[in-house]
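Undergrad: Letter by letter, the chains look like this.
There are 2 protein chains.
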Amino acid sequence: MTALTIWTYDWVPEGVWGFVRDLRLRWACEEAGLAYGVRTIPFDGRETNHLARQPFGQIPFLDDGNVKLFESGAGLLHLARKSETLMPVDPIGEAETLQWTLAALNSIEMVAVPWWFLTVSGAAENQLTGWLGMRLGQLETLLGEREWLAAGRFTVADLLMADVLRVEKLRAFGDRPATEAYVARITDRLAFRKAKADQTALFKAADAKRRA
Amino acid sequence: MTALTIWTYDWVPEGVWGFVRDLRLRWACEEAGLAYGVRTIPFDGRETNHLARQPFGQIPFLDDGNVKLFESGAGLLHLARKSETLMPVDPIGEAETLQWTLAALNSIEMVAVPWWFLTVSGAAENQLTGWLGMRLGQLETLLGEREWLAAGRFTVADLLMADVLRVEKLRAFGDRPATEAYVARITDRLAFRKAKADQTALFKAADAKRRA
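Those protein sequence lines, which keep their order, are chains E and L.
Position 207, counted from 1, in the first sequence is what our numbering calls 232; the numbers after and before it change by one each time, with no gaps.
Position 173, counted from 1, in the second sequence is what our numbering calls 198; the numbers after and before it change by one each time, with no gaps.
One thing to keep in mind: the hints can contain errors.
Given that identical chains are not distinguished, each listed pair holds provided it fits within a single copy or across any two copies.
No more than 25 angstroms apart at the CA atoms, straight line, and that leaves these computed lysine to aspartate or glutamate pairs for DMTMM-like [said to hold, decoys possible]:
#: 1; residue 1: K93; residue 2: E170
#: 2; residue 1: K93; residue 2: E109
#: 3; residue 1: K194; residue 2: E150
#: 4; residue 1: K93; residue 2: E172
#: 5; residue 1: K93; residue 2: E165
#: 6; residue 1: K234; residue 2: E165
#: 7; residue 1: K234; residue 2: E109
Just so you know, these hints were derived from the structure itself, not from any lab.
Predicted model, so just to flag it, every value in this text is computed and none were measured.
Let the sequences and hints guide you as you build the complete structure.
TA: Have a look at this one:
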């Protein structure tokens, strides 16, 4: 089997340790028992230093032999097809997993990330608050009725949705006990805790070296 | 072969005729020569009238026999696996198509739709303008160097990216000749024109009936 390589930055500010998106791919590999390595590109100059590989200057991207992908969602769907742990192989279970993976990206994160951006930008009034509240309320209703998003069991859709929802400002926005229990349950998984610890260790070591 | 059914609203305001997202699925079916029908659910009461089927009250959703999906991006990826016209079957071409489909949703639309929302909300200052300008600038550079996003030919990634970019306010935002040529070229395809005409005809007829 070809070894998987997950690419991330060589350093990030401490405030985002444990939240950089290579964590999504590390987590998926840990869940599925897929062997992987992690390599880095410079954070400094990221606007231009790897545009040939990632045209928006973002990370993560994934190497799987000759197959190379960017976009964390694309990487997750690529990994999910290697392991039933991440996505069922029956057509109905696969479709449910696909729809909820896309919903995490395009119905929740599409509102949540710009809302977060406006919030930290210090906008006097965050005009995305109503839209975000509606979406998170709809999700709260649903998570009050089921344990997992797709196929009646953990899938890559839960991994991604929990990663979108675990951001502190989102958890602090409104009282949504079913969502909070969902996030707590999923981020208590061993694979998540290992992925987060490994990412944090990499950035912490890089930070110490940078300051030395 | 099971017939595909695309679900949309039974009516929408005239301002969005030709831009409702069932068009993405119609367009994909037209490109691929897949037989499909269109069915509708009421626009009035959409906040609650189909939450069991689509937990955010949105359309489109897709029936493919026992397989049912919501999220236009999930529907497109599902359809793409039925036809090489939409997505190559070789692993490298498939990965490129997947990454650019996700990039359209999560790197471009994730900024463009909230930016559009703030613009039409009449915010004094749209704080997403810098972010959007950066993303569209990065895409302009890339589209100046290649005709298609993935695999050197038209794929579902171009269908989706062009659909994201063809919104009037985005086309009017900045001077991006390569992007404009890309959008013009892709929306000149017969399959797009048929899908747009069919959607418009449905909503126009519904509107006439509603006013009668």
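Undergrad: Decide, hint by hint, whether the structure agrees.
TA: Comparing the hints with the structure gives:
1. In the homo-oligomer, the alpha carbons of K93 and E170 lie at most 25 angstroms apart only across protomers (20 angstroms), although the nearest pairing inside one protomer, at 38 angstroms, exceeds that limit.
2. In this assembly of identical chains, K93 and E109 lie within 25 angstroms of each other by CA distance both inside one copy and across copies; the values are 21 angstroms within and 20 angstroms between.
3. Proximity of K194 to E150 under the C-alpha cut-off of 25 angstroms is found in both arrangements, the shortest distances being 16 angstroms within a copy and 23 angstroms between copies.
4. For the identical chains of this complex, K93 and E172 are inter-copy neighbours only, at 20 angstroms across copies versus 33 angstroms inside a copy, given an alpha-carbon limit of 25 angstroms.
5. Only between protomers do K93 and E165 lie at most 25 angstroms apart by alpha-carbon distance; the minimum there is 22 angstroms, versus 36 angstroms within a single protomer.
6. When the C-alpha separation of K234 and E165 is checked against a cutoff of 25 angstroms, the pair qualifies neither within a copy, at 43 angstroms, nor between copies, at 37 angstroms.
7. Taking the shortest Cα distances, K234 and E109 never come within 25 angstroms of each other, neither inside one copy (40 angstroms) nor across copies (49 angstroms).
Of the numbered hints listed earlier, those contradicted by the structure are 6, 7.
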